[in-house]
Structure formats: structure tokens, C-alpha cells
Amino acid sequence: MSDWLKTAWLIGVSLLAGCSSSGDSVTVYTSQDQVYAEPILQRFEQETGVRVRAVYDSEAVKTVGLINRLIAEKNHPRCDLFWNNEAFRTHQLAARNVLAAGVPIESFGARTRQWVWNTNQIGRAELPPNLAALTNAQWRGKVVIALPLFGSTATHFQVLRQRWGAARWQAWCRALLANGVMTVDGNSVVVQLVGRGEVALGLTDSDDIRAGLRNGLPIAGQPLGADGLVIRNTLGHIRGAPRPGLAKRLAKFLQSPTVRTALAKAGAIDSVEAPATGEVAWPSLVEANELAVSELQSIFLD
Amino acid sequence: MSWGLLLNSLALAVPVALAAVVVGWLVALFIASSRGWVRWVALCGAVVSLALPPFLVVNAWLGLLGNVGVLKPWLPLDIYSYGGAAWVLALMLWPLPCLMCLGALKRLTAELLDAEPGLSGWPLVRTLLLPMTLPAALQSGLIVFALAFNNIAVPAILQVKVFPAQFWVQFSTSYNFALAWQYGWVLAAVPLGLLLLLRGRSVAWPWESSGVSGEVLRGRLGQALLVSVTAVAGLFVGLSVLLPLGHLIFDARTWTDILDAVRAGGQAIWNSFWYSAATATLVSVLGLAAVRWTGLRVAWLLFFLPGVLLGVVLIFLLNRPGLGWLYGGPGIVLLAFGLRYFALGWEGMRWARASMDADLQTLTDLVGLPWWQRWRHLVLRQAGPALAATWYVVYLLCLWDTETLVLVVPPGGETLALRVFNLLHYGHHAQVNALCLILLLLALLPLAAWAVFGLLKKKPAHD
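Chains E and Y, in that order, are what the protein sequence lines are. Each residue of the first sequence is one higher than the one before, starting from 1 at the first, in my numbering. Each residue of the second sequence is one higher than the one before, starting from 1001 at the first, in my numbering.
To be clear, the hints were calculated from the coordinates, so they are not data collected in a lab. Even glycine gets a Cβ: it sits at the ideal position worked out from N, Cα and C. One thing to keep in mind: the hints can contain errors.
The calculated EDC-like cross-link candidates involving lysine to aspartate or glutamate, where the alpha carbons are at most 20 Å apart (straight line), are [said to hold, decoys possible]: (1) Y/LYS1161 x E/GLU295; (2) E/LYS265 x Y/ASP1260; (3) E/LYS265 x E/ASP24; (4) E/LYS74 x E/GLU273; (5) E/LYS248 x E/GLU38; (6) E/LYS265 x E/GLU38; (7) E/LYS248 x E/GLU126; (8) E/LYS252 x E/GLU106; (9) Y/LYS1161 x E/ASP302.
A few chain Y residues that face chain E, going by a derived Cβ cut-off under 10 Å, partial list only [to be verified]: (10) ALA1178; (11) ARG1253; (12) ARG1297; (13) ALA1299; (14) PHE1316.
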């Protein structure tokens, strides 16, 4: 009986500890689309012999699971490099001292916020000239956006707040809601609903439009012009990371032209550099986040 | 806290619970009065319906009743409404009352029916079947209420604003764990309060007795009632299972992408299987060991608390120097799943134990049988199906679980469910469909193994 227990204990401990060895490896947390990131990280492994231990983000937690995890792990970091497919949340991590001091946030590649429309319902010429026009009666009940409390839509709305000023922005948000805008829980759902013809027009990210086109949806996309936003991939080096040297090596690899080409080919980033839409003052955006979120919540949720 | 959203959630959960109980009860009556393959198809339909991912069900209904849905020109119902959300949730949750009411119906004995030989049709339902199943219907209704109250995915797509959204907003935007806890507690408190109402009441599960044969019950139900329950069962099994499953299976890209999905997600498939199987085993064994400790009912709190909050606590407790062997490996997954689902395992084991013959237990104590012989001759024979069913329920829940795991999953420890939600976000629908199909096969794997085991066991008897 005691032998049986000892054996069971040994098996249990071996199983529990089975995946925890780190060896010559680097741990990366990434919110980049797993389908795009996996082959790139595998390529890094092949080229360098360094094992990459990756944790991907999940829609189940509105893609902020990794941010929350990095904050929760702050005192004993497990991650070496954070590869984010946008910039705002990386800057939020920097503001919370999760990232290494003195190491700048690196950025590469870009997606853009775009109009997406159902080509069976409207033509390019009928698109609204700007975001303000979405509150016109012509678009009543015909527009879908992701709930602007999550993801790149949240960032976009907060950037608009910074550009337009709080009063004009709040009035626009309220008018948008009064005009029957549909809010869903993600940009890919926006593309799906437009593709199905449930609604004629939506706001989403360029990579989601490419995914929709790959799925054969009758949609088209176009950048938003002056009201748009360029969403860059960012790399954050974690403060107190177990393997900072390997993290730098991986960061350098991720910014190489080869990786950029691979990401563009896969549709993760735009192949053509987006037109400038005005610089974003990230520190003040981070500072205003709490207030902006509470305003958005009172308009779109309460 | 938004009282408006709280009321919205209550207003959604109440009709869902009522509808699920009515449908579940009628389907249970159909299953109890049927036999052979029809009975198995209906039972499997109920299980598969519980295992289907919510987004698949919603997508199928948007395809039918969305603004440009196939049925929209003939059936001008608005799916983007409370009614639409309640309909979809009720279709997803009716199997719970069905299985619990079926358990209660199985307590019906031939002796009980023979006591009133003239009782049939509606009077039989009113005076015997309804009173018999009322506690099970009430209990399952409360569980459905709790699940509908905490659901966010279905109402979000169908434009119904609910309270859990507020928790997610706090968690996702402020990164303020203390504030997120405030909302998380409310999410746990409502269902927990309802569960406390159930305290001390016995729950009837389908394995407790074989009940009367389907033929006997059919004979007593009468033609009109029989036709009604058959129509309801056919309609709801069809709508809940065949519609979303057809959406999955008849999409050609599901099949073209399945090999790629297996190749890319091989490790995730294995992880999903072994994490779920190991957790189900662990929880069942521990539940059995602690079956006498009634204070462990408090573990239900961990079941209803949003899984990400459990993850935050585990990070706080275990992400420390010297604990890397546990925190950085599969141990943290088993621990997180184990804590979340312990209440189910423990309660299941209590019900299993309660279904065992007390006299036989005393006899084995007096004879002094060794533990393994007691297991073989008493526990497995009398409570085997109950133990297996508890194991299976935990296994199913672990397969689909994402929120418990998402904050603590170790690098390389990704599961199929996490992969599905990741791909879903970026619109890789063909791969998502293929992975969903694999997940469904994983869900059915233990049932298939059970069937094969049953066949092998039967064979020598025929020889």
C-alpha cells in the first residue's frame, strides 16, 4: 500500500512539474493572432535554437487576459517579452511599471481602423465622409461597431476623445447611440454581421476585413481618413524578466524585414504603410483612460 | 453598481429558467416513455446540446432569424431582443431540467402505477408525475436561472445589456482587481443564494433506478399526451442539436481545414483531453474522500465566482520563488480546474453515496471487507453509474472552460477551448469549426469508451 502511494506521488509530481522546465528558452506573452504568431516564433526557434514558450491571449477575456496577468505577476515576472498587436495597452503596462525602465517600447508593422461595408448593399461612393456623418438619419440602424469599452475600438474612441475634446466627443457618442448603432462584442463579429448583410456598414480593423475576405464574405474595406487610427504592433520588455538577453534577441528578430513581410503576407498587418492620421499622445491617453471609460460606460452600457 | 443592468439580467434569466423547465420536463417524459434507439438519440441529443459552444448556436439562429435570415421574410421575429436572447439560452439549457426530471421520473415504479390502475393521461400527470418531479424541476430551474444570469456571450451578440458585462468592463479596462471583485461577488452571490435554498433537498439523477419500462409508461400516458411530448421532443432536440450541428457539419470548409487544425493544434487537443480527464478523476476521488464533510458546500462559491478572479487569487498565492515547478507547469491547471469544479465532484459523490444501500454498507463493515473489495462489490456495483456520470459532467465542463484557465495557463499548456476562442476573435471560422468538431468528438470519447466497455463486458455472457 505504501509503495503504491509512493509511486502515485512520484507520478503526480512528475506530471505536475512536467512542463515547467525552462532551459535555454524565452517566454513571450502575445496578443498577436496565434495563427500568425506561431509560425514566426517557430522560425525563431529554428534559426537560433532557443525555445520559445508562448502564451496567447483569448477572446474569452476580451483580449486583455495577458495584461491582467502581467500586472498580477508583476512582483515575480515569468514573461520576458510582451508582443502586443496594438499600442495602448503596452503603454498602460509601462505606466504601471510592469515594463523595464529605460527600455523604450518598440513598434513595428501596422493595421488601420477602417470602414467595412457589404458590397451587395452599398457602394464605395455612398460611404460617409467622416465619423461625424454616422449620426445622420441616413445611417439610422445601419451601422455596427464593437462595444467601445474593449479592444482597438476602445482605443480608437479614446483617441477621438483626445482629438475632438471631451464635450464634442460625448455628444457624438450619444448621437451615435440615438441613431441606433449596433454594438457587438468584437471586431470580427462586426465583419461577420456586415458580411451576412445584417447591417450595411461597420467600423473595424483592417486585419479583420482581410479575414472576412478570406472567408468569402461580400465586403470591402477602406481607411477612415482623418478620423482613422494606425494600430502598430508593440514590444514591451518586462521589468525583472528572467531572461532579458533572450528577450532582446527575440525583439530584434520580430522587427526584422523577414517577419514584417511574413506578417503582411498572412494579413496580420497592412502591406502598405498607412497614411499618417496624427500622432497619439499615449501618456495623456493612459492618464485619461479611467474617466473616458466611465463616460463610455454611462453612454453605451448603463 | 448598475441596478438597471442587474434587473435586465434578472428579467432575462427568469423566462429562460421557466421555458427550460417546461421544455426539459416534456422531453424527459418523452425519454422516459420511449425505448431502444429513440431513447438513446434523445438522451445523446440532450448531452450534445449541453456541449455545443454558445457562438455556434447564436450564429445558427442569426442565419435563420437575423435581419437577412433565411426565415425572416416569413417569420418577422426580432432575434435582437430579450425574447431572442431568452429563446437561444433556453434552447441551450433545457437539457439540465430534462436530465434531472428524468431522474425523478425514474423513481416511478410498476407498483406505484399498479396502485391506481385506472389512472392515465392528464390525471396521471397531474396527480402523480408532476408532484413526483416538482422538486427536480424546481432545483434545475434554479440552476438554469444561475447559468442564464451569468451568461454574457449570448446577450452581448443579441444586443441585450446584462449585468455580467459590467464585471467584464471593470476587469478589462481598469485592471483594478479590487473593483472587479466587487462585481464578481455579486455574480456569485445571486446563484449561491439560490443554491442555499436547495440545501438539504435530495436531487434525483437518471442513474438512481431503472424506473418503469417505456412501454408501460406509454400505455398509461394516452395517445394525445404521447403525441404532444413526441412533437415537443422532436422539435427541441432538432432545434437545439441538429440546427447548430448542421451549421458546423455542412460547411465544406470545416472538413477541408480539419487536418490543418489537428496538425496545428495537436498539443492543444492532447492538453484538453488529459487536463479534463485528470481533473475529473482528481475531483471525483477527492469528493469521495471528503464526502462526509458537509461544510465543503462552501466550495460552490468557487464554481460560481468568475473564473478569472480565481486565476488572480492563484497568481497571488502561487507565483512565488520556489513554486515555479507548480506555477509554470500543468499543476496550476489541475489546481485551478480542481478548485473550480470540486463542488460538483463532491456533491456528485454525496448523491452517489446516498443512492447506496445502507444495510449493505453496514454488512460490509461487519464482515470487514478490505477497501478494494468493498469498492468492487459494493461501491462500483451500486454507485458506479453515478460516479461515472459525475466524472463525465466535470470532464465536459473542463473541456469548454476558458475563463478559469486564461490567466494561469502555462506556456505550451494551451487547450483546444482557448485556441478556439483565440481563433474566433480573429475570424478564422473554418478552423474554429474544425476545432469545435474535434472538441465535440473529445466530449463523446468517454461515452464511446463506455459503450465499448459495455459491449466487451456483455460478450462473455452471450458465449
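Now for the hints, and whether the structure bears them out:
no.	hint	verdict
1	Y/LYS1161 x E/GLU295	holds, 17 Å
2	E/LYS265 x Y/ASP1260	holds, 19 Å
3	E/LYS265 x E/ASP24	violated, 30 Å
4	E/LYS74 x E/GLU273	violated, 35 Å
5	E/LYS248 x E/GLU38	holds, 19 Å
6	E/LYS265 x E/GLU38	holds, 14 Å
7	E/LYS248 x E/GLU126	violated, 47 Å
8	E/LYS252 x E/GLU106	holds, 10 Å
9	Y/LYS1161 x E/ASP302	holds, 8 Å
10	ALA1178	violated, 12 Å
11	ARG1253	holds, 8 Å
12	ARG1297	violated, 27 Å
13	ALA1299	violated, 21 Å
14	PHE1316	holds, 7 Å
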